[in-house]
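Protein chains: 2
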Amino acid sequence: MALIVQKFGGTSVADIEKIENVARKVIKTKEEGHDVVVVLSAMAGETDRLINLVHQADNEPDGREYDAIISTGEQVTVSLLAIILKKLGFAAKSFLGFQGRILTDQAHKKARILSIDTKILREELQNGVIVIVAGFQGVDKDNNITTLGRGGSDTTAVALAAALNADRCDIYTDVDGVYTTDPNICSKARKINRISYDEMLEMARTGAKVLQPRCVELAKKYEVAVYVKSTFTDNDGTLVTKEDKYMEKEVVSGVTYDRDQAKITVVHVPDKPGVASRLFTPLAQHNIIVDMIIQNASIEGFTDLTFTVSRKDIKAAHKLVKKVAKEIGAKNVEVDEDVSKVSIVGVGMAGHSGVAAKMFSALANEGINIMMISTSEIKISCVIKAKYTELAVMILHEALGLSKD
Amino acid sequence: MALIVQKFGGTSVADIEKIENVARKVIKTKEEGHDVVVVLSAMAGETDRLINLVHQADNEPDGREYDAIISTGEQVTVSLLAIILKKLGFAAKSFLGFQGRILTDQAHKKARILSIDTKILREELQNGVIVIVAGFQGVDKDNNITTLGRGGSDTTAVALAAALNADRCDIYTDVDGVYTTDPNICSKARKINRISYDEMLEMARTGAKVLQPRCVELAKKYEVAVYVKSTFTDNDGTLVTKEDKYMEKEVVSGVTYDRDQAKITVVHVPDKPGVASRLFTPLAQHNIIVDMIIQNASIEGFTDLTFTVSRKDIKAAHKLVKKVAKEIGAKNVEVDEDVSKVSIVGVGMAGHSGVAAKMFSALANEGINIMMISTSEIKISCVIKAKYTELAVMILHEALGLSKD
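Here the protein sequences come in this chain order: A and B.
Heads up: the first sequence is residues 1 to 405, going by my numbering.
Heads up: the second sequence is residues 1 to 405, going by my numbering.
Keep in mind that a hint or two might mislead.
To be verified - Chain B side only, calculated, beta carbon under 10 Å to chain A, not exhaustive:
id, residue
1, 66
2, 87
3, 185
Unchecked claim - Within a straight-line C-alpha distance of at most 27 Å, the following computed DSS-like cross-link-like pairs (lysine-lysine) qualify:
id, chain 1, residue 1, chain 2, residue 2
4, B, 109, B, 315
5, B, 87, A, 315
6, A, 87, B, 315
7, A, 119, B, 141
8, B, 109, A, 87
9, A, 87, B, 110
10, B, 141, A, 141
11, A, 87, B, 319
12, A, 141, B, 87
Claimed, not checked - If the Cβ cut is set under 7 Å, some of the chain B residues that face chain A in the computed set are:
id, residue
13, 57
14, 61
15, 65
16, 68
17, 72
18, 76
19, 80
20, 86
21, 98
Derived from the structure by calculation, the hints contain no laboratory data.
If you're wondering where the values come from, they're calculated on a predicted model, not measured in any experiment.
We treat Cβ as the ideally placed atom computed from N, Cα and C, and that holds for glycine.
All chains should be modelled from the sequences, with the hints used to inform the complete structure.
Structure representation (C-alpha cells):
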C-alpha cells in the first residue's frame, strides 16, 4: 500500500462529467489499496473569469482581496469532487488552505508555502478518507488567504507529497507528458519517458508549459517522483526523477521557447562599480523578475546593458530604468517587445562540444539573427525576433537530432 | 459618531457598477463620521448558479461540501467591495466567516450563529478601516464552513449589530421598505414608516419576503433597530423597532400571503394520547418544519388531523406520515399541494373584536372557502385554494381599511 498524491488540472475538472471521470481515476487508485490525496485546480476558464471580474473593479487590485476572490475557483471543485465521491460510496473530505493549514508567506498572488501541518490530513487518511486539497491556495499566519501564482496547484501537490512523504505525485493534465518540444509547433516532437529534475527545471524555466519551475524545484529538493500523464488517455506519461541509468543519455533532450519576453537596452552606460546594482535593485523591489542579462565589454569607459523581462512587466520596468539611467548618465533606454527566446536543454550537453555551434549555425542558415545568448551547464538560450519562433523551434529540433521516428 | 451596520442584498451587488454604487453609499456614511460595518450577499443569481452546479453533482449533496461551495458567492462580493473602496482611497478589509470568527453550530445549510468574536473587527474599526463581512456564512468549532440558509445575510448583519452594540442596522434591498401588502399584487399597498418587532415577525413568518423571521427574532432579542430601505432610491424606508408611541395604532398593519404551502390530512385517526407525537416526531427528525396544525374535535374516538408544510418537503413528509398512519390505524393520508395561506397581522388586533369576522366575511363574499384557520394574539391566517391568493390579498387589504390614499 502506497500513499499517492494525484493532481488534476483545470481541463480535467472543467465540468461535472469531467469531475466524475476524475472520481473514477481516484477510486481506481483507492481500490488498488492506496491512500489517496487529491489536489485540484479550478474549472478551466474559471480563474480567468474571476481575474477579469477583479480587473473590472480595479486594474491594480489589493493583493489580499484578489487572492480571496481567485481562490474560490478551487474551493468549488474540491467540494464538487467530494460530493461525487461520497455519492459513489467513498469517504471523502475537502480541505481549503486554511483548513489544511497550508501556511505560506504573505506575498499575495505569488505566495510560497512555508509549512503544511499534515496531522489533520494524516488522521483522515488513517480513517480511509480520500483527502481532497484545494490547489493554488494557502493561508498566512494571520489567516489571510494567499495564492501561489499560476501553476500553483502543481506546487501544492508536490509540497503535499513532500510533507506526507508520499510514494509518488501524479500530475494529470491535458497532454500525454513531457515532449522534446511543443507538438503543436513541431509534428516530430516525441514524448520523453524519463527526465531528470535538472533538465525538467531548465525546460520549465525556458518555456515548457507542462510544469512550473517552482514545482520542479520543490520536487528536486524533496526528491518527489513526479509522474506527468494525461487525464483523458491511458498512455504512459513522463517520470520526472533523479538522474538514473534508465534515462536516455541524450546530448539534447528538448527544445523550448518563450514568447513572454521583452528586451530593454540601456545605451552608453558609464562603466563604474555599482551601476548594475543601481539598475536592478529597483526592479527587484517592484517584484519584476529579470531573465537574461547581457553586458557588453566596455569601450572607452562606456558599455551597453541589455536584459529581458516578462512582457507584462515591461512598462513598469521601462519607467524604473529610465529614472536610474538618467541619474547614472546613460545615453538612453531602448525597449523591444517583439522578441522571444528559444532554448535547447540537455544534461549531456556539458560533455559534448559543438552543441552551441550547431545551434547557432542552424539559426544562421535560416537567416535568424541572434540578439542575446545565455548559457548554463545544461542549456543554451537565444533571444530572437518573435516572428521566427516557430521556425527556430522546428529547425533546432531537426538539427539537434531530436526528430527521430 | 455612531457605529452603523449596512447590509446590501444580491440585487444591490449584481455587477461592478452596482458595487460601486454601494461603495458610494458606504463612503457617504463613513464621511458623516460614522464607523461602518458592511455585510454583503452574493451577486444576484450567483447562489442559484452554484446550487445548480452542486445539484448536477448530486441531488442530495453532503452539507459540509455544499456550504463550502455556496459560500463562495459572498467571498467574491466582499473582496470586490474592498478593492473598490481602496481604489477610492478608503481603508477597507473583507472578512469571511472563519476570519471574523462567526462561530455557528454544525447544522449545515441552516446553521445558527453561536457567537462572534468582535475583537478583531473592533480593532480594524478603531483604525478607521471599513469592515466588510461576508453574509450568510460562518464557521463551526472544527473550522468547517457553514451557511445560515436563505436570507442569512440579514441575520449576519443583525447579529453583527448586536455583537458590536451598533447604533443601527440598515438593510438595503431592492424595495423601498415594508408595505401593507405586496405592491406587485395590490396597487393600493402603502409603505409602513415604523413597525414593531412582533408585527414584523408575524409578517415575515406569514410570507412577507422583505425580512426573514430569524433576522427579526434576533433584532427583537437584542433590540437592534433595523432600517429597511432601497439601495436604488433615496426614499425613506421602514424602521423596525420596539413598539413605541410614534407607531400608527393600526388594528391591522398588513396582509401577507405564502404560496409555499402544502396540506396533509391524516383521516380517521384513533384519538389516543401520543398519536400527534408519533406523527410529528419523525418530521422533526427529518428537519421538516410543520407550519399550521389543526385537529378536529373527536367523534366516536376518531379525529382528522391536518397540517401544512413547505412544498419542497411534501414528498418526504407524505412518505413519513403514511408509515406512521398505518402503524396507528388511521384510515388514510390525503395530500393537497394546491393551497396557499393568507394572513392579516396587527398589534391592535388583540384589543379589537370583530377583526376575524371581518376577514372571514370578506373571503366568504367572494366565495373563497377557508380550509384551515390559525390565530395568534396579533395574526389570523387562513389556508385557501392557491388560485384565490391574489384575490384574497386584494379584498382583505380593502376590507380591513389598509387601502387609504
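Hint by hint, here is what the structure shows:
no., hint, result
1, 66, "holds (7 Å)"
2, 87, "holds (4 Å)"
3, 185, "violated (36 Å)"
4, 109(B) / 315(B), "holds (20 Å)"
5, 87(B) / 315(A), "holds (21 Å)"
6, 87(A) / 315(B), "holds (21 Å)"
7, 119(A) / 141(B), "holds (17 Å)"
8, 109(B) / 87(A), "holds (18 Å)"
9, 87(A) / 110(B), "holds (21 Å)"
10, 141(B) / 141(A), "holds (19 Å)"
11, 87(A) / 319(B), "holds (22 Å)"
12, 141(A) / 87(B), "holds (26 Å)"
13, 57, "holds (5 Å)"
14, 61, "holds (5 Å)"
15, 65, "holds (4 Å)"
16, 68, "holds (4 Å)"
17, 72, "holds (4 Å)"
18, 76, "holds (5 Å)"
19, 80, "holds (5 Å)"
20, 86, "holds (5 Å)"
21, 98, "holds (6 Å)"
Hint compliance for this structure: hint 3 alone is broken.
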